[in-house]
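**Student:** Please construct the entire structure, taking both the sequences and the accompanying hints into account.
Residue numbers (this note's numbering), protein chains in the order written: chain L, 186 to 468; chain D, 642 to 1491.
What the hints contain is simulated information worked out from the structure, not anything from laboratory work.
Okay, the calculated beta carbon distance ranges per label pair: (1) L:E440 x D:G756: 43 to 49 Å; (2) D:M712 x L:K195: 50 to 56 Å; (3) D:E799 x L:E440: 25 to 31 Å; (4) D:K935 x L:E256: 45 to 51 Å; (5) L:P424 x D:L674: 39 to 45 Å; (6) L:D436 x D:P913: 56 to 62 Å; (7) D:L674 x L:R339: 57 to 63 Å; (8) L:N361 x D:A748: 54 to 60 Å; (9) D:E799 x L:P424: 41 to 47 Å.
All C-beta atoms in this analysis are idealised placements derived from N, C-alpha and C, irrespective of residue type, glycine included.
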Amino acid sequence: MTREHALIRKFNNIKTLPHVAIRLSKLLSNENNSFKDMEEVIRLDPTLVLRVLRIVNSAYYGLKQKVDSIERAVVFIGMRNLRNMVVTEALKDIFRMETNGQVYSRRQLWLHCAAVSICGHMIGERIFGQKGEDVFLCGILHDIGIIVEDQVARKSFIETCNRFQLNSRSFVDHENEVIGTNHCAVGYELSREWSLPVTVQEAIRDHHRLSHTISPSSVTGILQISEYIVSRMNYTAMPGMKETLSAQLLDHLVENIGEYKTLIRDLPDEMVKARELYDPEKE
Amino acid sequence: MILKKNSTMDVVTNLILHELNNQEDLKEALLALLGQTVPEGRFSVEFVGDKRYVAETGFCLSPRSYTSLVMRAQKKQDFVSTQRPDKLPVWALSIPELHAVLIFYTAGRSLSRQGRQHITRIVKLCVRLFLEKKSFENEREYRVTQKKQLTRKFCVLENKYQEILKDNEREYRRIIKNIEDGYYEIDLSGRLSFFNDYLLKMAGYSKDEFQGMSFKNLIEPPQDKLAFQIFNRVFETGMPSTGHELQIVRKDGTFMYIDASASLIHDQNGRPVGFRGIARDITKRKEAEEELRKANYELEKVNRQLEVAIAKANEMAMEAAAANKAKSEFLANMSHEIRTPMNAIIGFTDMLLDSHLDETQTDYAGIIKKSGESLLALIDDILDLSKVEARVMDLDEVKFDPELIAYDVCELILPRIETKPIELMCRIGTNLNYYVNGDPGRFRQVLINLMGNASKFTDSGEIELFMDIVEETKHQVKIHVAIKDSGIGIPNDKQSVIFLPFQQCDGSTTRKYGGTGLGLSICKQIASLMNGDVWAESKGEGRGSTFHFVAWINKAARKNFKQRLPRSLPGKQILVVDGNATNRRLLREIIESFDMHIRTFHDGTSVLPALLDSFDNNPFHLCIVDLHIPGTNGYDLAQQIRASHQPFSQIPLIAMSSRVKDNIHTSKQFGYDGFLSKPIRRDKLMQAMKVVFEGKETSETKPEQPLYKTVVLPDPADNHLTSVRILLAEDNPVNQKLAKIMLTKAGYHVEVASHGLEAVEMFSTAPERFNLIFMDVQMPEMDGLEATRILRQSGFHDIPIIAMTAHTIKGDQETCIEVGMNDYIAKPIKKDVVVKTIKKWIDQGNRHGH
Chain L
186 MTREHALIRK
196 FNNIKTLPHV
206 AIRLSKLLSN
216 ENNSFKDMEE
226 VIRLDPTLVL
236 RVLRIVNSAY
246 YGLKQKVDSI
256 ERAVVFIGMR
266 NLRNMVVTEA
276 LKDIFRMETN
286 GQVYSRRQLW
296 LHCAAVSICG
306 HMIGERIFGQ
316 KGEDVFLCGI
326 LHDIGIIVED
336 QVARKSFIET
346 CNRFQLNSRS
356 FVDHENEVIG
366 TNHCAVGYEL
376 SREWSLPVTV
386 QEAIRDHHRL
396 SHTISPSSVT
406 GILQISEYIV
416 SRMNYTAMPG
426 MKETLSAQLL
436 DHLVENIGEY
446 KTLIRDLPDE
456 MVKARELYDP
466 EKE
Chain D
642 MILKKNSTMD
652 VVTNLILHEL
662 NNQEDLKEAL
672 LALLGQTVPE
682 GRFSVEFVGD
692 KRYVAETGFC
702 LSPRSYTSLV
712 MRAQKKQDFV
722 STQRPDKLPV
732 WALSIPELHA
742 VLIFYTAGRS
752 LSRQGRQHIT
762 RIVKLCVRLF
772 LEKKSFENER
782 EYRVTQKKQL
792 TRKFCVLENK
802 YQEILKDNER
812 EYRRIIKNIE
822 DGYYEIDLSG
832 RLSFFNDYLL
842 KMAGYSKDEF
852 QGMSFKNLIE
862 PPQDKLAFQI
872 FNRVFETGMP
882 STGHELQIVR
892 KDGTFMYIDA
902 SASLIHDQNG
912 RPVGFRGIAR
922 DITKRKEAEE
932 ELRKANYELE
942 KVNRQLEVAI
952 AKANEMAMEA
962 AAANKAKSEF
972 LANMSHEIRT
982 PMNAIIGFTD
992 MLLDSHLDET
1002 QTDYAGIIKK
1012 SGESLLALID
1022 DILDLSKVEA
1032 RVMDLDEVKF
1042 DPELIAYDVC
1052 ELILPRIETK
1062 PIELMCRIGT
1072 NLNYYVNGDP
1082 GRFRQVLINL
1092 MGNASKFTDS
1102 GEIELFMDIV
1112 EETKHQVKIH
1122 VAIKDSGIGI
1132 PNDKQSVIFL
1142 PFQQCDGSTT
1152 RKYGGTGLGL
1162 SICKQIASLM
1172 NGDVWAESKG
1182 EGRGSTFHFV
1192 AWINKAARKN
1202 FKQRLPRSLP
1212 GKQILVVDGN
1222 ATNRRLLREI
1232 IESFDMHIRT
1242 FHDGTSVLPA
1252 LLDSFDNNPF
1262 HLCIVDLHIP
1272 GTNGYDLAQQ
1282 IRASHQPFSQ
1292 IPLIAMSSRV
1302 KDNIHTSKQF
1312 GYDGFLSKPI
1322 RRDKLMQAMK
1332 VVFEGKETSE
1342 TKPEQPLYKT
1352 VVLPDPADNH
1362 LTSVRILLAE
1372 DNPVNQKLAK
1382 IMLTKAGYHV
1392 EVASHGLEAV
1402 EMFSTAPERF
1412 NLIFMDVQMP
1422 EMDGLEATRI
1432 LRQSGFHDIP
1442 IIAMTAHTIK
1452 GDQETCIEVG
1462 MNDYIAKPIK
1472 KDVVVKTIKK
1482 WIDQGNRHGH
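**Tutor:** Here it is, written out as structure tokens:
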């Protein structure tokens, strides 16, 4: 068993899994499942139902009519959206748990992920004319490996963080040295277990990999660009992390600087609209 | 947590741009503008960062001064300046919007103060203009780009929307496909535009045939008019309509029923374009309704038939009840009619035997008596059997002690085996600790029958009656009685036959032993009424038999035998002499249950030595001796002990015997202190021993009474009341005479009335003349019940009135008590019963009389 698997196995034993999210993913991969099936799965967690409905009815979706049931929600926003929302909701809980005496803040990590996902979603839709749902999901999930490490390999993780503070090498390098694997690999394995779309899996795996083969319009590419922008806004995953871009992505950025400027300018508004989604204070 | 807007975002952008080196364009643009506007100026733009700045040659400033200038500029909002070595000023202005600092000097002549102000103002203006332009351009660019981006977003959303629509549609189709009702959509001309598989199946068409078909093909007149009406109404009102039952013609011409609904379909503009609805197959329901209607009709018919039958049944039931009643009445009458002459036969035969007869006459009279008794017994048995068959036999609920009944029965049987060398034993089990609620009479009847058989069919040996409780529930106990004899036995194949009515073992049995053959079958019936059974076991002919009787009876109170155990008994040593092994065993059981010690001997030879041997360490406290032991008999043994001049010569002695000729008086003469008749009863044994141990110790007790009276059967011939006057009401002259003679002989004064009315008159005129009334129940003119009622109503409550009745049917006795009678005796009357009854009622009263 690889190190990633070992860590994940341990993680699975701590009851922090979003069962609902996993079941939903599996549901979605099968075309024959109905709205009813979805609704039944979500209903397993009554608080989840409430939270989902609140989000559906918020400014983020800007629906004219009020939605009062999951079935109706699915009709208006589609199953994929719903899945993403549910996953976000489910993960919020994990991220919201503060741990003591951190070298990093889980809250900070959550905000980083939220910002990355919103920004990435915008890039996907507004710049590339794609549906941004997978990017959104990626944004939320891409650093979950860090949570896993923190949870089940605490000592090694803290050691890693400490070393990172002192030494300018990349966080991933330190992880590999101390823990034996890194949060990209762990996140990748987890997303496979949860049967998430392949593009999402790969994006999580590659989000720290600089390579000219990564195209700007791919999920991985958008994720990286998003991370880059967000880190300049000080929404970093770890204190002191500064993202870099591959030459290819940088070129793309420079070529389309006008678009990106506009996007960045509109980003705050989007974040306000999505507050319902990500704000950990709101309950 | 909300991000700050625009200004910060510009900084962020510029940060990014800085990294991306796009700021060069900006720098060039600004420098170009400045160059145009202020030709004499020399300009440089430094982007802010952590570095040392190096000026171009023209500036003639050292890196240090240059850097310091740039740093100072950042801190201020307005120009800062420094001097070159050649005294020319160099200015620096921070442009935060560009994250840069502008540095410049003027080439050529040096400037006046005004000149310098002018220059700085122009540069400032230029910069501002540049920024405004840039900003404006930025703004425009922003708007244009935003529009472009939003358009892209809308495209994406449009696609999403389409996808959602498609998903929804797929979902609806799936729902419609799966419902087990027909779904249809028709256009305004009535043609089917959409339908589900179920509807196809219902109608029996293929998909191609159905598509576009007019719905009129499915409905036959006159129903088509109805359908039109429905659709019209829906069209006009816009409201859906449900619950219409229609008949549909399927493709193959068969009919089916549907329950249909209809509602309008609108297009996107809200115009009606067709109808949709559900068609539910209710054919089965309709068929079921029809079936129900038919069934109801049939049911009505059957009901009427049933009523007739019930009426008839009721009639028959009433007839049966009447017949039963008639049967019971017949039984009662028969009982009376037969017993009355029987009464006379037996009674007068007794009288005859009491009178002076010679041997032959006595012989003859004896035979008559025996025959009469047999006949009476037979009649009783037949009556009993008839009662059982007519289901008239009921069981009483009276509290009684089964143990006492066992002793009674043994005593009753004793005379019958007197002449035969048979040892009779009565053994009570240790579990028999309850009084019970049941019918003592019937219980007794069974035991008498079985014991009677044992005594009849055994010539020598033993008869043992064993009784115990073998099972117990909360409210009931199961009593088991086993009567074992060493008689002629029963062959295997006959062991159940004998319980059938009128069956004996074989014909020869009747001849040798007599009997009617009814007894056992009656026992079986009685046992069955008690939820029990009787059955026989035998090892074969000549090898004795055991008759078992089990019955379930309600519990009454608990008997606490052990508690009544006198304190003087436990621990004592008893010596027992009896020639019969079973008897010895029985005595051992009883005595050891009293917590006493026992040694047994089968004859008298070793008794005295034993007494002597044990005297020092463990002396005997009492000897119990059977008077008819082999060798030295009991009488002689007692004499030997008393005359022995040994320290034990005064040991208490109790005699036992089953012979009538032995009694307390005879045994006392030989030195015995007490006498027990066999079969031994444990209560009597306990009493006797108590008297022996405690009676001798206390001086107050009268020696005669406690010692003897309690161990002896009461003598029924006590004649201590000779001045009793009895009024006898009996209509039958024969019975009158019989009763009068019997009572007179017993020493009572008797006056006779022939019927109820006479009895009432006789008593009313002189109530103090009589101590007791014997009232026959069945009399002409006025029967006994009426007479009693009148007497009681007239205020004569004290006088005991005893009913004499030949009716032994349950209910009669209650009736007698109800009308005010005190007691009843059965006819034919027997002397001892009569005397006992008189004693009972006169004892209680003790008024009247002289």
